[in-house]
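Engineer: Dock chain W against the given chain S, drawing on the hints supplied.
Protein chains: 2
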Amino acid sequence: MRVIVLGGDGYLGWPTAMHFAAKGHEVWAVDNYLRRRIAQETSSEALFPTPNLAERAEIFEAASGKRIHVVIGDCTDYRMMSTLFRDVAPEVVVHYAEQPSGPYSMMGYDQARRTLDNNLGATFNVIWAAMEHAPDCHIVKLGTMGEYGTPNIDIEEGWLDIEHNGRKDRVLFPRAAGTLYHTTKVLDTDMLWFYVRTHGLRVTDLMQGPVYGLATDEAAADERLAPNFHYDDIFGTVVNRFLVQAVAGVPLTVYGKGGQTRGYLNLKDTLQCVNLAMENPIPAGELRILNQFTEAFSVNEIAASIERVGRANGLDVKINNIPNPRKEREEHYYNPKHSGLIELGLKPHPMTDEVIAEMLGAVKRHANRIDARKIMPRVAWSAA
Amino acid sequence: MRVIVLGGDGYLGWPTAMHFAAKGHEVWAVDNYLRRRIAQETSSEALFPTPNLAERAEIFEAASGKRIHVVIGDCTDYRMMSTLFRDVAPEVVVHYAEQPSGPYSMMGYDQARRTLDNNLGATFNVIWAAMEHAPDCHIVKLGTMGEYGTPNIDIEEGWLDIEHNGRKDRVLFPRAAGTLYHTTKVLDTDMLWFYVRTHGLRVTDLMQGPVYGLATDEAAADERLAPNFHYDDIFGTVVNRFLVQAVAGVPLTVYGKGGQTRGYLNLKDTLQCVNLAMENPIPAGELRILNQFTEAFSVNEIAASIERVGRANGLDVKINNIPNPRKEREEHYYNPKHSGLIELGLKPHPMTDEVIAEMLGAVKRHANRIDARKIMPRVAWSAA
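Listed in order, the protein sequences are those of chains S and W. Just so you know, the first sequence maps onto residues 800 to 1183 in my numbering. Just so you know, the second sequence maps onto residues 800 to 1183 in my numbering.
Chain S extracted, bound-state conformation (with noise of 0.2 Å):
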């Protein structure tokens, strides 16, 4: 098939475009290194440094003998948006070009405008280039389970039926981000869902937990490869610091209370669940909705977890519970449901000690680069 990956150059779109790449699909992976410059900015490099996007697809078709297109260009501008779709007249376009970091949004004005004008604008032209020049596509949007925030009530995958007064209706599943961020992908399939209702689009919106890992199959040809790996307090998730506040001996930052509860998965279930939501569309004027996470975790059992994996492995590993510098709650109910990508098939790997211990080898390669200032949170929420 022919696949654009917009955002091909981030922790997740470089390694999903070497995953489709490597199935046999021609691959476009778009990006204009927004986060490569937020990262420079904010002194959030990651761990390693990794190629450019061009140098990348060079490396892979070295090692593979696949080719992926590269375009450097900016999703918010529709013409470089219009011609691509006109040109490549894609069948599938994964859609990650958004500024991912929910504490970089809460910075100031700027970081929440930037934050803002870059993932609606992305989002309303991927909607108008594929209605103006592949209306058939099938649009693979990454949500997150952040969307739905810590409701008092299970979360089911996307919809709700609800009785009220006697009479039903299913709706969207009421939605109440925590982050900046996390609202502009509640804009998002807001938006998505108008034009799927209205225009006939065709949309997978994948509501994903956060991500961790730093190995795939495709990047394991060449180190090169491998994705941009970020243990800071900005782009980092929260499995990912942990591993290398581990690793350089620093006590594991655990905000608040650590109860928050929240659903994970492996980098390499990601490109599973991207790939079993391109293999199985679905018809014209369907949103569907799936809860992309394999387990669920509170903090202080993923901090648990490294602990004890990193002591059995030599590291001495310390817990800190520091004051929170979010608003969240920090105890609550959480149960939501996750079986639309099991039913499509998605076999996950679990968060074993086998799999912390291989994660914190990867870490400790990188040790001497560990810059312990990016460690501690460096953004509250806090008014303005």
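What the hints contain is simulated information worked out from the structure, not anything from laboratory work. Keep in mind that a hint or two might mislead.
Since the list gives no way to pick one copy over another, a pair counts as held whenever it fits inside one copy or between any two copies.
[Stated by the list, open to error] With a straight-line Cα cutoff of 25 Å, these simulated PhoX-like cross-link-like pairs (lysine-lysine) come out: (1) K1067 with K1126; (2) K967 with K1146; (3) K967 with K1126; (4) K967 with K1163; (5) K1136 with K1117; (6) K1136 with K865; (7) K1163 with K1136; (8) K1146 with K1056; (9) K1146 with K1163; (10) K822 with K1117; (11) K967 with K1136; (12) K1056 with K865; (13) K967 with K1067.
Please read these numbers as outputs of a predicted model, since none were measured by experiment.
Structural biologist: Coordinates of chain W only, in the frame set by chain S:
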């Protein structure tokens, strides 16, 4: 009180600015004339010309002795907004500064993008200017009943208590709007609710139905103070369109079956409602949502009323069911609650035969200005 009216040149904004000034408040009316530009670009000019905002304020001051401060500026420009909020230190901000036409937002990419960028950009700047310079101010935001769409259940005022699998929660009422314009107001509400709960803003979101009418008490002092009265398919609400069609001898254009039911209100009641919201402030961290309309009618009922009153007043009124250019349910359940504003003291002006006759008389005085080319729908909800 010190009140900023954003969108102060609009159909609702200008009457609101006069109404508040007449009540003794200190009023700043802010506008960038976007609606005037779009009206010109789409050949959708109002029935009669209105002076510019500075001239309106001069005429009003001459007639009433009350001053309205005029600011010509773009609410998506944060430099302007930030300076304004810092200098004025408003106690109340009434936010009407949005591209308000559903059909315009459905014309094509450029119009949709302009609607998205203007409406979200303005709301985002209201939020941030308030957080930075007037964190205690009460933001009175004009939403729309159109955010809810036409669900199969009773529509509550903004919030819904749900029980699911034996557990309970209170959530934003589900919303599914019929145009991109109405969808931007869904996004506005989501964004406001996010900043209300994380940063303690105080916001009243008024979910308003279509407004009709040409008269307010303050506008009676001088005919040049009249509201901008649109009767075209882009900016004209259905009642105002039908009034002009009745006077022009053009059959009333009922879209499709005409069973589309909405909650309507008189322009005079918009002023009452916004005033009641202002006079009844709310605590920090609260998003109050009020459904702002006084009576629900189907399009057929409105057409029949105007036909009846028109004929009684010597007009040859006919009704024409034309193909529906929109994508909407033409027969549906509709039971929206609207007790909140009544409880605050709203005294509705119902759409009596006398009110209709008075409006027809007012339109008749401008009958020679009616441009029949503006009457038929020029925009369809079709794919790009």
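Engineer: Run every hint past the structure and note whether it holds.
Structural biologist: Here is what the structure says about each hint:
no.	hint	in the structure
1	K1067 with K1126	neither (31 Å within a copy, 42 Å between copies)
2	K967 with K1146	neither (35 Å within a copy, 33 Å between copies)
3	K967 with K1126	between (34 Å within a copy, 22 Å between copies)
4	K967 with K1163	neither (55 Å within a copy, 46 Å between copies)
5	K1136 with K1117	neither (33 Å within a copy, 55 Å between copies)
6	K1136 with K865	neither (37 Å within a copy, 60 Å between copies)
7	K1163 with K1136	neither (35 Å within a copy, 61 Å between copies)
8	K1146 with K1056	neither (32 Å within a copy, 51 Å between copies)
9	K1146 with K1163	neither (28 Å within a copy, 72 Å between copies)
10	K822 with K1117	neither (42 Å within a copy, 64 Å between copies)
11	K967 with K1136	both (21 Å within a copy, 17 Å between copies)
12	K1056 with K865	neither (47 Å within a copy, 57 Å between copies)
13	K967 with K1067	neither (39 Å within a copy, 36 Å between copies)
This entry does not satisfy hints 1, 2, 4, 5, 6, 7, 8, 9, 10, 12 and 13, going by the numbered hints stated previously.
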